[in-house]
Every structure is written in C-alpha cells, then in structure tokens.
Amino acid sequence: MYSLKTALSSLGRNAVMTIASIVTIACCLFLFGVFLLFAFNINYIGEQVSSQCELQAYIDENASPADEERILSEINSIDNVKSVEFESKEQAFENYKTQLGAEYSEYFRDMNGSDILRSSVKITPDDLSRVNEIEQNALLVRGVAKVVNREDIIRKVISATDLIKFGSLIAMLILLITAVFIIQNTIKLSVHAREDEIHIMKFVGATDSFIRRPFMLEGIIVGIIGASIAIIVISFGYTAVVGNVAGFLDIFRLYSFGQLALPVAGGLMLFGIIMGSFGSRTAVRRHLKV
Amino acid sequence: MIEFRSVTVIYDNDIVGLENVSFNIEEGEFVFLVGKTGAGKSSAIKLLTGELKPYAGDVIVNGITVNTLKNRKLPYLRRSVGVVFQDFRLLPNKTVYENVAFAMEVVRAKKKDIRRKVPTILSLVGLSDRAKNYPNELSGGEQQRVCIARALVNSPAIVIADEPTGNLDVETADEIMKLLMDINKMGTTIVMVTHSEKIVNDAHKRVIQLESGVVVRDEKEGGYNLDVLA
Chain W
1 MYSLKTALSS
11 LGRNAVMTIA
21 SIVTIACCLF
31 LFGVFLLFAF
41 NINYIGEQVS
51 SQCELQAYID
61 ENASPADEER
71 ILSEINSIDN
81 VKSVEFESKE
91 QAFENYKTQL
101 GAEYSEYFRD
111 MNGSDILRSS
121 VKITPDDLSR
131 VNEIEQNALL
141 VRGVAKVVNR
151 EDIIRKVISA
161 TDLIKFGSLI
171 AMLILLITAV
181 FIIQNTIKLS
191 VHAREDEIHI
201 MKFVGATDSF
211 IRRPFMLEGI
221 IVGIIGASIA
231 IIVISFGYTA
241 VVGNVAGFLD
251 IFRLYSFGQL
261 ALPVAGGLML
271 FGIIMGSFGS
281 RTAVRRHLKV
Chain H
291 MIEFRSVTVI
301 YDNDIVGLEN
311 VSFNIEEGEF
321 VFLVGKTGAG
331 KSSAIKLLTG
341 ELKPYAGDVI
351 VNGITVNTLK
361 NRKLPYLRRS
371 VGVVFQDFRL
381 LPNKTVYENV
391 AFAMEVVRAK
401 KKDIRRKVPT
411 ILSLVGLSDR
421 AKNYPNELSG
431 GEQQRVCIAR
441 ALVNSPAIVI
451 ADEPTGNLDV
461 ETADEIMKLL
471 MDINKMGTTI
481 VMVTHSEKIV
491 NDAHKRVIQL
501 ESGVVVRDEK
511 EGGYNLDVLA
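Chains as they are written, first to last, in the numbering used here: chain W, 1 to 290; chain H, 291 to 520.
None of these hints come from the bench; they were simulated from the model. Even for Gly, the Cβ is constructed at its ideal location relative to N, Cα and C. Treat the hints loosely; a few may be bogus.
Unchecked claim - Using 27 angstroms as the maximum straight-line C-alpha spacing, the simulated BS3-like pairs for lysine-lysine come out as follows: (1) H:422 to H:336; (2) H:384 to W:5; (3) H:422 to W:5; (4) W:5 to H:400; (5) H:407 to H:363; (6) H:384 to H:407; (7) H:475 to H:488; (8) W:188 to H:401; (9) W:5 to H:488; (10) H:401 to W:5.
To be verified - Per label pair, the in silico range of CB-to-CB distance: (11) W:282 to H:471: 43 to 51 angstroms; (12) H:388 to W:42: 34 to 42 angstroms; (13) H:303 to W:170: 39 to 47 angstroms.
So that you can see chain W by itself, here it is in the shape it has in the complex:
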C-alpha cells in the first residue's frame, strides 16, 4: 500500500516526464506490435504460399492430344510430384479473361483462345526443397517447351520480407533502448526528489527491496499504460488496414486481430512491464549504495 501510494504520487509529481515515458513506451510497443503482426502474417502467407507452390510445364504448340496425355502421365511419374493438373489452351484463355475482368472482355471478343496461349501441366510437388529437380526432369519430357518455377519468385518474396523483418527488428531494438533510457530518467527524477527520504530509509533499516518497490511500481505502471495505449491503437489500426488491404491481397488471407489478440496483446504487455521495471531498477540502483 505504501509502495503504491508513493508510486502514484511520484507519477503525478513528474507529470511531464511520466507522459513522455508513456508516449515513448507506447510508440515503441506500437512498432513492436506492428512487427509481431507482420511476422505472424508473413509466416501465415508463407504457409499459404507453400501449399500453393506449383510448377507449370508449358506444352509445345504442335503437340497432339495424344502427346498431351503422354506428357501428363510422364510428368506425373516424376519423383516427388504430388499431383498434376492439365490446363488446355481454351481453359487457359478463359482463366486469363476472368483474371483481367469484364472491363477487358471487349478486347477478346474476336480472339480465338486456342491461338494465343499454350496448354500446360500444373505440378504440385511433395517436397518444396526439391522443386528444381522436378523442373529439370520435366524439361526432359519430350513435348515440354518451358517450365515456370514459381518457387524462385516465392523465395525472393520471402527473402525480401525477411529483410523487412530484420530492419524492423533493429528499429524496434533502438526504440526499446530509447524507451528504457527515458523511463530511467523519469524514475531518476523521482529518485532525486526523494533522495532525503531514501537516505533516511536506509538509516532506519529499510531493506533495498522495500526502497526499490515504489520506483519499480512506478516504472511498471508507466509500462502498463504505454502498452495499453499501443494495444488499443494496434487493434483498431490493424483491423482497418486488414479491411483495406484484403481487397488487394485476394490470393492471400491475413489473420484477423481476434486471432492474434492474445499473443500480441500479451507480448506487448509483458514487454511494457519488463521495460518499466528494468528501467526503474537501474535508475535506483546507485542510490541504494549507502
């Protein structure tokens, strides 16, 4: 009770620094939250991508239906191929039109689908790490003109997102250190204001943990308020962003905030508390050496 009362009155006394600390922690934890949501979704998309990862073997324009059948069966027998699906020229043309949408339908009115695109075989691999091997073997099948391996693109996307993840991690670490530094200074002001009190406490035999407690509590309160602000902003912000982005990212699904609420909110709160208590502990340490 003594600790809580003292902590609250100290926070009130240094209102400006307290607000500065809360805002810094909130900003830092907001970025941390964004990073967490980003990481969760990247992994989620990665899973979706992995499950969709397929190769497409385009068949020579002059291949007969019998050739197509043979090619399909030969590809199917390649080691590590999970399944194959044939897509005729006509189907490919129809799919292409659907993809572009109704507004371009006029351009295709006079076109004959069979003259424009090639038939192909969609190959789903068993093991993603052996996609290149399938590609090489599929190219050896007579009548296969070209094999498109989407794995390259996926790998590029994943390595790009890894880079973004790493960058945001560094930015977050810098902010984290800044936040701890600012909390430290806030608590130092409280410590300074109560220097005489601490000195007397030491002389009448108060334990270090008893002296430290109000300051720790002060830091933890700052951490909790900062984390709460970050969680509220993130929950609204994320829901809004996902709502807007969902239209562009037709092919991938993103987590809803509800699905990530527990790990993200829990993580932010935990970090807030750790930062607050660590900052105040280091701030008060020097003053306990009496």
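With chain W's structure known, arrange chain H on it following the hints.
Structure of chain H alone, referenced to chain W:
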C-alpha cells in the same frame, strides 16, 4: 556492545581514516567521541552503521561483525542502531508524527504498533503537542527532538548522535543533552560526536579522543580539552 579490534580505514585516495583503533563500549554506556576535524570521528561512526568497511580489523556492533556482514543484512543491523544527525534530516512534507511513524513504516511495523508507539516516543521527547506540525514550524531544538524520536522509535540498543547540538544555541543544546542522558538512563547505549567543550565537561562521561586516525585518549569521566595530550 560495540567493539573496535585493530581497525584501520584507508580511503580510495590513500588517506588514512583510522589506524589500528581498538576500544570497547559496554551496554548502557554514554561515550563522547571527540577530536579535531579529520581526526577520524566520522569514519568511526560510518563503521558503526555499516556505511564504511574497514581496511583491516573488526567492528562488532551488538554481537554482529559489521565488516563481514552481507549488504542485504545491513538493514537489520541498522534497526538496532538509531542515528541522530546534526542537520536533523526531517522530511519537510511530513508532520512530526509522520516523520517518526515513517521510521516504523519502512521497517514494516504493524499499524497498531505505530499508533501505540509514536505518541509514547513523542511524549518522551516532549513533543506531544507538536505532532501535527510540519518541521518548518518547529524551532531547531524541537526539530532535533523529532530526529531523536525517530532514532528511538524502533527501540535501538545503540543511538549514535553525530554532533546533535552543533546547530543549536547553548540553552537548547543543554535540553537536548538532558534528553539524551535520560534516554541513556533507560538503558540505551549512546555514542555522541561533539565539538562542544561545555557539553563534554558538564556531562562527566567517558571520552574517546581521536587524533589523525589514532585513539590518543580514552578516559572515564573525561573532559574535552583536546590539547591535553596533543
């Protein structure tokens, strides 16, 4: 009660605070620690409260060897040693009652005990009617009485008074001395640092004189005259 065994204190800048100092103070004694500035009085007091560790020798307070005491155990030693400061060191935003109660709160005394003991101590130091006043509303002597009450409230076996009358006029100093003598009569061991010749000469108590970190005089019912042996 207090024992210094061949205690030597050397500060970081190689200045010798105390050199091979040995003395015993028995339970219930009243001892003056005298000497010129820099003689080693402060070092001796800091050793008693565990603020300072000796370079060599042992400091034993109330059966506890202070120099080997772990830092986390230091608070428990300090609960048995009350300290009275020359500059009072009262908390300006707390009343007289709160200043004294504070010393009990921070050692986690029960509220019931605090409510019972603080008025008793305030009555002992003659401040019952000033309980609700703030330090800036008190005279120097009254402030020192609050400081003494605070030092006594946790029932320490030893009270260390570091020039408690240094900031007071002669008359008030006499009152404070009378109070300390009364406390001593109740059984509390008192070690008092002072520069006041009158106080030492009037009290007829044991005097330990330090000079350049060395005990040069240890007299029962001694006087103040620093030049006697110097």
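Inset, instruction - Kindly indicate which numbered hints from before are broken by the structure, ordering the numbers from low to high. - result: Hints 1, 8, 9, 12 contradicted; others consistent.
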